[in-house]
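Chemist: As a plain string of letters, each chain reads:
2 protein chains.
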Amino acid sequence: MTEDTQEARAVPLSGLFEAERSAEIVAASLAGTTDERLKEILSSLVRHTHAFVKEVGLSAEEWAAGIRFLTETGQKCDDTRQEFILLSDVLGVSMLVDAVNQPADGRLTESTVEGPFHMVDSPARSLGDSTDEAGRGGEPCLVTGRVVDTDGRPVAGAGIDVWQADADGFYDVQRPGEVPERNLRGLFTADADGRFWFRTIVPRYYPVPTDGPVGTLLKATGRHSYRAAHIHLEVSAPGIRTLTTHLFVDGSPYLDSDAVFGVKESLIRTFAQVDDPARAAGHGLPNPFRHADFPVTVRREARP
Amino acid sequence: MTEDTQEARAVPLSGLFEAERSAEIVAASLAGTTDERLKEILSSLVRHTHAFVKEVGLSAEEWAAGIRFLTETGQKCDDTRQEFILLSDVLGVSMLVDAVNQPADGRLTESTVEGPFHMVDSPARSLGDSTDEAGRGGEPCLVTGRVVDTDGRPVAGAGIDVWQADADGFYDVQRPGEVPERNLRGLFTADADGRFWFRTIVPRYYPVPTDGPVGTLLKATGRHSYRAAHIHLEVSAPGIRTLTTHLFVDGSPYLDSDAVFGVKESLIRTFAQVDDPARAAGHGLPNPFRHADFPVTVRREARP
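Chains as they are written, first to last, in full-length UniProt numbering: chain A, 1 to 304; chain B, 1 to 304.
What you were told as hints is all true, and nothing was included just to trick you.
Note that identical chains are pooled: a pair holds if it fits in a single copy or bridges any two copies.
Calculated pairs, BS3-like style, for lysine-lysine (alpha carbon to alpha carbon, straight line, at most 27 Å):
id, residue 1, residue 2
1, Lys219, Lys264
2, Lys54, Lys264
3, Lys39, Lys54
4, Lys39, Lys219
Quick caveat, the hints were computed from the structure, so don't treat them as lab data.
Bound conformation, chain A alone (with noise of 0.2 Å):
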């Protein structure tokens, strides 16, 4: 019997863990990926994380820094707050995976982030309905556009799903109990000319919520936390394809540095101040109010 335990492996293994490889060695387990579009991604992930963290030399205080972040943003989650969402909004990958997916074409309607508030279904509204429910303050406002394809042709039946902040800047879902559910949100169907109208009030620029792990990071970044005044629309209809956007308020403070790098300039339009006893009372709105006027352009998906 030997207790000679000192003695080196007769065979080397192979496949073990090198610095200098270690971004081929994990990409190499991999291989047995069955869905290709998956290895893909997985294996450029592994490369561009290996690299970083060689790039920053990430000592083990750092790495656990990081684990806790990323444990802390998953566990702000919950049913009405999306943390993760939130985390690659501010770091500009929202914004970054909208451009890679829209094909240029200068006609188009621009698309920017859909933000984290979409969570809730917004209720069927008619044409011309409002979807102040609440009715706590606000400059009432009158919202128009039209919904056709590059070839002008318009969109009959164009769902238009809205949603925005209130005059204070707050989501509904922000203020549970104070305000109706799904207040300030609204799918309207665009008539046979593709043309769609609503009232609503003049949204207020807000900050992103910054009691979560986002808020530290904001802060420690010396960022501030406000996006800039603006009403999401998500438009869709058979055979286009959806459009998610913003129509920002123009003069709204944090144009220029959106937490989010939502904002585009051709999204930004005048909420004009209109004074038209008659056009006021025919749409149920007090004398002056605002209007915003913003035509869309939507792409026709290839037929297969």
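Given the structure of chain A, go ahead and fit chain B onto it with the hints provided.
Modeler: This is chain B only, laid out in the frame that chain A set:
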């Protein structure tokens, strides 16, 4: 009063998002970060993340799947489960962080990952004690070693914190109520000559937890979830750099395909069969027993 709301802005906004310069634009937003190291880390992270999104052309659906995966990973974490560390482990990131923080020095005992099971304090035990309080079977085993520095001087009184899976491949925290708390854990103190010895049972190879998102990932990539059999050791003392490592059991399955890439050839030891009634009796072990010797060389920190 005009209602021409279609006019172009007189002065274009600066600093808006552009896909081509996306990482630069986001990195520029971090200019106010007072902690220079945080700024460096986040800027690198943003560059690599944006490069990944562009390289694979991440679709909105793939992005959403990623958000769901990260959220579920965070929500799987609790006091006895750290799914983000597990994710870091199976992607080789933990081993890489370990590697970039270890000075290249062939004289030192190599380090490896800490793993997710070092979440409870090990009970202080006397040299020669057994960590096996459950007595539910397994091959009795003696582990011996000596802690020295790179000059061969013993590190008297070094702390040797050990934790391991049982003969079925489970840690104590995975069997609450079934085994004593802190079973197969122990904090030993080396003698004046740096020597340590304790009794335990030979650990079994085991799967990492697969009932969470990381398990789903392993399955989707055709990878098994097993770790080669090992005993964790953390060796510390005033004035030395703490060493976190494993003692691997030679002959264990999965030494060449460890799920977390944790195996290093130099850390594998024969758990020799010893047939010596007197020696067995001296240690309070049945005869025959298994024995592994694990000499440890640590680095003295430079005096400030």
